[in-house]
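**Q** Next come the chains, spelled out residue by residue.
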Amino acid sequence: MVLIFVEHDGGKPADSSLEMLTLARDVADQLDAPVEAAVFGDGEGLADELGQFGVEAIHVVDYDGVETYAPIAWAESLDQLASAVEPEAVVAPGSERGHEVLAHLGASRDIPMAANCLDVTVGDAYEVERQRWGGTLLEHARLSGDPKLLTAAKNELTVAPAAESAEPAVEPFTPELTDDDLAVRIDRIEESDEEGIPLGEARIVVSGGRGVGSAEDFDQLEELADLLDAAVGASRAAVNEGWRSHDDQVGQTGAKISPTLYIPCGISGAVQHMVGAKGSEYILPINTDPEAAIIGHADYAVIGDLHEVVPELNETLRERSD
Amino acid sequence: MNVLACLKRVPNTGAKIVLTEDQQEIDTTNLGFTMSPHEECAVEEAVQIVEEHGGSATALTLGSAEATEQVRTAIAMQADEGVLLETDGEEWSPRNTAGAIAEFVRDRQEDGGGFDLLLFGNESADAGNYQVGVRVARELGLPIVTSIKSLSVEDGAVVAEREIPRGSEVYELDLPAVVAVKEGLNEPRYASMRARMQARRQEVEHVTPERRTDAGLKKIRLESPETEDSETEILGHGPEAVPEIVRVLEDELEVI
Ligand SMILES: Cc1cc2nc3c(=O)[nH]c(=O)nc-3n(C[C@H](O)[C@H](O)[C@H](O)COP(=O)(O)OP(=O)(O)OC[C@H]3O[C@@H](n4cnc5c(N)ncnc54)[C@H](O)[C@@H]3O)c2cc1C
Ligand SMILES: Nc1ncnc2c1ncn2[C@@H]1O[C@H](COP(=O)(O)O)[C@@H](O)[C@H]1O
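As they're listed, the protein sequences go chains A and B. Per the working numbering, the very first residue in the first sequence carries number 5; after that it's consecutive. Per the working numbering, the very first residue in the second sequence carries number 83; after that it's consecutive.
In case anyone wonders, no lab produced these hints; they're calculated from the structure. Some hints could be false.
[Unchecked claim] From the structure, some residues in chain B lie toward chain A, with a derived Cβ separation under 7 Å: (1) G96; (2) A97; (3) G195; (4) G210; (5) L224; (6) T295; (7) L304; (8) R329.
[Unchecked claim] Computed list of lysine-lysine pairs in DSSO-like fashion (alpha-carbon distance at most 30 Å, straight line): (9) B:K231 <-> A:K16; (10) A:K282 <-> B:K300; (11) A:K16 <-> B:K300; (12) A:K260 <-> B:K300; (13) B:K98 <-> A:K16; (14) A:K282 <-> B:K98; (15) A:K158 <-> B:K300; (16) A:K260 <-> B:K231; (17) B:K231 <-> A:K282; (18) A:K260 <-> B:K98; (19) B:K301 <-> A:K16; (20) B:K301 <-> A:K282.
Don't be surprised by glycine CBs; every beta carbon is placed ideally from N, CA and C.
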């Protein structure tokens with residue numbers, strides 16, 4: 005059996021969990037075994053949705069205090085459930101919680117865990133293909149341990165319902181926990197009053213890099229973004245210079261974006277930047293250097309000084325909208 | 083407050099990654115080395131906490147003798163002390179790395195120099211295993227929280243925030259504790275030339291850890307993901323390209 009950890013928001017599974025299900029089902033098919041899910045919190049309504057993805061049983065962890073996220077308690081519950089149902093593999097999404105909970109399980113059982121997997125071939129040891137360098141490189145590796153612990157890479161696997169849907173049995177599972185297990189937990193949620201379009205959801209992203217030259221020169225990019233209903237992003241170089249806040253950074257240690265159009269201005273196209281931008285459908289850089297790596301990744305390109313091109317473009321777009 | 087920040091030496095790759103012929107490593111012939119941006123923030127935070135609360139900030143790495151370079155970078159960023167857990171340079175599994183770090187922390191504790199806070203990067207830049215910090219915490223029986231982008235120390239506890247869409251989740255952990263952090267936590271200082279020169283003269287403690295045996299996760303080979311090299315249409319040079327840009331936005335991409 006393959007046991008999966010499903011994240012959900014009031015009964016609606018997270019995208020990363022559905023992506024993970026594609027990998028988990030593949031592992032289960034190879035083992036000729038069912039997929040069963042562990043869920044925390046009110047899982048009402050999950051049965052329908054998860055059934056379509058071939059999940060045959062849902063174990064709802066039932067313990068006072070685990071409705072809110074508490075990584076150690078969640079991992080401990082998963083550990084006890086795994087002892088009861090003896091899965092061959094435990095698979096989690098490549099989300100913050102997915103990585104955290106599975107790492108705890110690996111640590112408490114002292115067994116290995118493979119993060120960000122794209123493909124798995126089962127056997128005595130599993131052969132996994134996983135992302136390294138934030139997705140810039142792939143690694144083929146052999147994973148041992150019982151059960152096998154895997155997280156699925158985010159934004160890489162296609163969400164696809166199962167060929168045959170199932171009608172999962174929903175069963176409560178009551179773990180034995182201590183207060184210590186619940187010591188680390190969400191104490192409170194604070195809301196931010198950020199306005200504007202979040203980078204990850206924007207249809208167009210205009211980004212600036214070292215070539216922008218100063219914080220003030222980002223005004224031109226802000227204006228362009230305004231005219232295009234776009235969000236403003238930045239390279240790490242621009243953030244390190246103090247021109248933009250880290251919230252704007254696109255890349256391995258920043259945001260992963262997937263707009264229809266990405267307009268990087270004065271950005272060279274380092275691998276760590278590109279892993280954040282590769283979800284873009286079209287890329288249109290503005291760069292003085294025709295040899296810059298970013299040009300090779302682009303669909304369209306303008307060779308030139310952004311300080312001349314962007315104001316002219318803004319002017320034209322402004323006239324057009326008047 | 084004694085704070086430990088753990089960091090890993092990794093190649094500083096640029097526009098394209100070249101692999102060695104046996105596909106086991108990145109070809110570093112023409113590359114410098116660095117640490118993950120997450121870990122730079124861990125070092126900066128350790129230094130800031132000590133500036134505010136007193137005590138000592140220690141930077142630690144497990145790796146080859148060359149990794150001393152990254153420890154010295156941390157010292158140039160005003161960490162008080164550097165430690166190298168020296169290996170033959172082969173990549174250690176997360177389990178073995180965590181075992182060696184936990185052992186070092188335990189030894190320090192027995193010598194009366196325990197740490198109140200251990201900081202890790204959320205994931206190493208190269209391996210991205212997302213687990214060394216958690217394994218160290220579990221081995222030492224300490225609370226840990228990961229993916230942290232804001233942190234403060236108050237009255238024997240650490241308050242840590244994890245970003246969620248339009249807000250943050252707040253955690254409070256009693257010290258001693260472990261926190262794995264992400265870039266954006268702070269703005270790491272730029273080490274001056276003078277600080278770098280001074281760091282070169284400072285002694286770095288060497289410890290040779292014992293490697294446990296484990297099958298774990300064993301690398302077979304690395305490969306570069308396939309990328310479709312797109313045809314690039316040059317729309318023009320300089321401001322003269324603007325009408326072409328507008329035409330593409332309007333007619334081809336239909337975004338305006
Ligand atoms: C582990 C790790 C993680 C990293 N994570 C990230 C990340 O998340 N995001 C990220 O962006 N980087 C990341 N980096 C850094 C990355 O390697 C590069 O250093 C960075 O992306 C470079 O930023 P840049 O392109 O703005 O600057 P540069 O590489 O300096 O490029 C500037 C570009 O601007 C062009 N230019 C100059 N003047 C003009 C002008 N007037 N008009 C038009 N063009 C002009 C130049 O031709 C050049 O192409 C990471 C690095 C490491 C080691
Ligand atoms: N060789 C190492 N030396 C010191 N710290 C390390 C080492 N490897 C990993 N770490 C720490 O553990 C974090 C998570 O690493 P990983 O589990 O490999 O993603 C890193 O960001 C570092 O803080």
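**Q** Taking each numbered hint in turn, which are not upheld by the structure, reported in ascending numerical order?
**A** Those not satisfied are hints 3, 5, 6, 8, 11, 13 and 19.
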